[in-house]
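Asks: These are the residues of each chain, in order.
There are 2 protein chains.
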Amino acid sequence: EHPYVNGKIENHDIDIVPCYKIEKIEQMKSSVDRTPLHTKFVLENMSEKQKDDTRILKKFMKLINVYGSEFKIMGFSGYLCELLILYYGSFENVIKEASKWRFKQKIVFGKIEKDFSDPLIIIDPVDSSRNAASCVSLQKFSEFIYYSRKFLKDKKFEEIKTEYKKSEGTELIVLNFNTDLIEDLLFPQLRKTRDFIKGYLEKNDFRIYRSKVFNSGILFELEVFELPKMKIHRGPFVYDEKNCENFIEKHNKVFITGDRLCTEVERKFRTAKECIEFLIKKREGFGKDLKKVECFITDDEIKELYD
Amino acid sequence: EHPYVNGKIENHDIDIVPCYKIEKIEQMKSSVDRTPLHTKFVLENMSEKQKDDTRILKKFMKLINVYGSEFKIMGFSGYLCELLILYYGSFENVIKEASKWRFKQKIVFGKIEKDFSDPLIIIDPVDSSRNAASCVSLQKFSEFIYYSRKFLKDKKFEEIKTEYKKSEGTELIVLNFNTDLIEDLLFPQLRKTRDFIKGYLEKNDFRIYRSKVFNSGILFELEVFELPKMKIHRGPFVYDEKNCENFIEKHNKVFITGDRLCTEVERKFRTAKECIEFLIKKREGFGKDLKKVECFITDDEIKELYD
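Sequences listed follow chains A and B, in order. All residue numbers for the first sequence refer to my numbering, where the first residue is 8 and numbers rise by one. All residue numbers for the second sequence refer to my numbering, where the first residue is 8 and numbers rise by one.
Derived from the structure by calculation, the hints contain no laboratory data. Treat each hint with caution, since some may be false.
Note that the list lumps identical chains together, so a pair holds whenever it fits in one copy or between two copies.
[As the list claims (entries may be wrong)] Within a straight-line C-alpha distance of at most 20 Å, the following computed DMTMM-like cross-link-like pairs (lysine to aspartate or glutamate) qualify:
#, residue 1, residue 2
1, 260, 175
2, 79, 191
3, 205, 284
4, 160, 248
5, 236, 273
6, 172, 271
7, 238, 212
8, 199, 301
9, 111, 266
10, 160, 247
11, 162, 248
12, 65, 175
13, 257, 33
14, 280, 233
15, 236, 178
16, 238, 209
17, 160, 252
18, 275, 175
19, 219, 271
20, 157, 256
21, 79, 266
22, 107, 248
23, 288, 306
24, 173, 233
Chain A extracted, bound-state conformation:
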């Protein structure tokens, strides 16, 4: 949306983001103008104990892999953690309440001005027209509920490792991209590409067991990955004389099923791998930047894949 400077001070990554200095939200010219108001709201309302509890909440979220509003994670931002502590009072209460959350859970500072359809709705105290939790995906929302409940039971912090294990009898195909695109650009494109390929595979009668996007590519695990040479192609209804004539002319072996002419036609792809290789060659359905970079398939077993 606007430029900013990126650098390092004593081993910490630093972003310097310019913004307009405003007093009221109505004066906002750019979305980052809101940030100083966020800082002001939190500093004015948070006790010292709550600052510690916020740190604990962030640590917990990091361990269960739901912390971070960037596109790679689509989880909870730092500001969201602060709001949760302010609203529920303490770390323990956040966990207790989160374990009971429902889809479209609402947390309202002030009043609701708009309708939102996100899994989690936290009305921003400095801008009541905004859902501060709009970037939280259904997945991360659900994981937070699930692990909050688990924490209440076990009373211990545990790191969640998302090791990938192939299932017996499936076929693994991994697409690797040779790119140094920043993650906030990369991940939406990986997901878009994944969704397109998934739909294309299913249109060609293959079946996906699981799929996953990760730092350097996309993984597909297939349940149905090889098919017979031919498929049955349903043609016109027998009553439709004109189209039946065309169909008979086009296909040399025609048969009747119910009241439709049918024939066998050769499949475009007999294996899921051929199907994906075809898309790689054409770069059909790939994200804008992913169209341009090197892309290759690996299908050997991958023991571990963290995201």
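Go by the hints and put chain B onto chain A.
Replies: Just chain B now, kept in the frame of chain A:
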């Protein structure tokens, strides 16, 4: 519906069917009471030339395998052929008109008293509440249209041989029944059994390419016939604490997809053959008489299968 005597006279199969002698259709006590009225109607209305044309029509129907109202064929009865000749006037006209038939084609002697939803509706001239063509299946109806059109073009009689050829890369499984059940009892039961097995295979994620019932059994040709060991089982929504607890207790490895708990469970059947063998052992979904007779699988390639 009622008993009859079956025998042979000079190499011809003979059925002697007793019925009540009636003058008007309102006096009918049994469905066969109608038959003498049919004979009377045809004899009173048909010319000598039309009798020959009826023989030609029957011969044509036999060659294209749509002649016979028995359950094995579900095609055109002899009476239906006579009615078609009477209605359209000649063999040539029957063919010309049939080539233009539509779904729910109506041929009305007298008036329509009821609504029918069969593919072909021929109101019986001796009983206007009856569709004389109710036993004609959509398949045979369509085949008659198709081959009528072909005859108009080629002007020649040609026997249709329904040779069965397996497609490349599919798997063939043939169920054989050791039975001497009469065909009118056998075929509805074979179709019922076929439909049940088909649904059961699909419920277990296999895919059928083609299927066929024939004199001594059922053939399944499979497009997807082997699957991975495990499948993904979707459990309760993450919000549903009670059911989540039960789910976690029951399955040792649980993961979250969207807002649902999921796990991997072992498939009941990894191959379509195992699936069918299981049904044979239990005789689940089999036709009444087919439950009792010997049944075995053959999966070698079958070159020819006539029905």
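Asks: With reference to the structure, classify each hint as holding or not holding.
Replies: Hint-by-hint comparison with the structure:
1. 260 - 175: Classified as between: cross-chain Cα gap 15 Å, same-chain 39 Å, threshold 20 Å.
2. 79 - 191: Within one copy, since 7 Å is at most 20 Å while 65 Å is not.
3. 205 - 284: So residue 205 and residue 284 pass the 20 Å test inside one copy only (13 Å; across, 34 Å).
4. 160 - 248: For residue 160 and residue 248, only the inter-copy Cα distance (12 Å) is at most 20 Å; the intra-copy one is 70 Å.
5. 236 - 273: Within one copy only: 6 Å inside a chain, 29 Å across chains, cut-off 20 Å.
6. 172 - 271: Classified as between; 12 Å across copies, 38 Å inside a copy.
7. 238 - 212: both (10 Å within a copy, 18 Å between copies)
8. 199 - 301: This pair counts as within: shortest intra-copy Cα distance 17 Å, inter-copy 55 Å.
9. 111 - 266: between (48 Å within a copy, 12 Å between copies)
10. 160 - 247: between (67 Å within a copy, 16 Å between copies)
11. 162 - 248: between (73 Å within a copy, 17 Å between copies)
12. 65 - 175: neither (37 Å within a copy, 58 Å between copies)
13. 257 - 33: Classified as neither: same-chain Cα gap 66 Å, cross-chain 54 Å, threshold 20 Å.
14. 280 - 233: both (9 Å within a copy, 18 Å between copies)
15. 236 - 178: Answer is both; intra-copy 19 Å and inter-copy 12 Å each pass.
16. 238 - 209: both (14 Å within a copy, 17 Å between copies)
17. 160 - 252: between (70 Å within a copy, 11 Å between copies)
18. 275 - 175: Answer is between: at 14 Å across copies they meet the 20 Å cutoff, but 27 Å inside does not.
19. 219 - 271: Result: close only across copies, 17 Å inter versus 35 Å intra.
20. 157 - 256: between (65 Å within a copy, 13 Å between copies)
21. 79 - 266: Result: close only across copies, 19 Å inter versus 51 Å intra.
22. 107 - 248: between (63 Å within a copy, 8 Å between copies)
23. 288 - 306: within (17 Å within a copy, 40 Å between copies)
24. 173 - 233: both (18 Å within a copy, 17 Å between copies)
Hints 12, 13, counting from the list given before, are not met by this structure.
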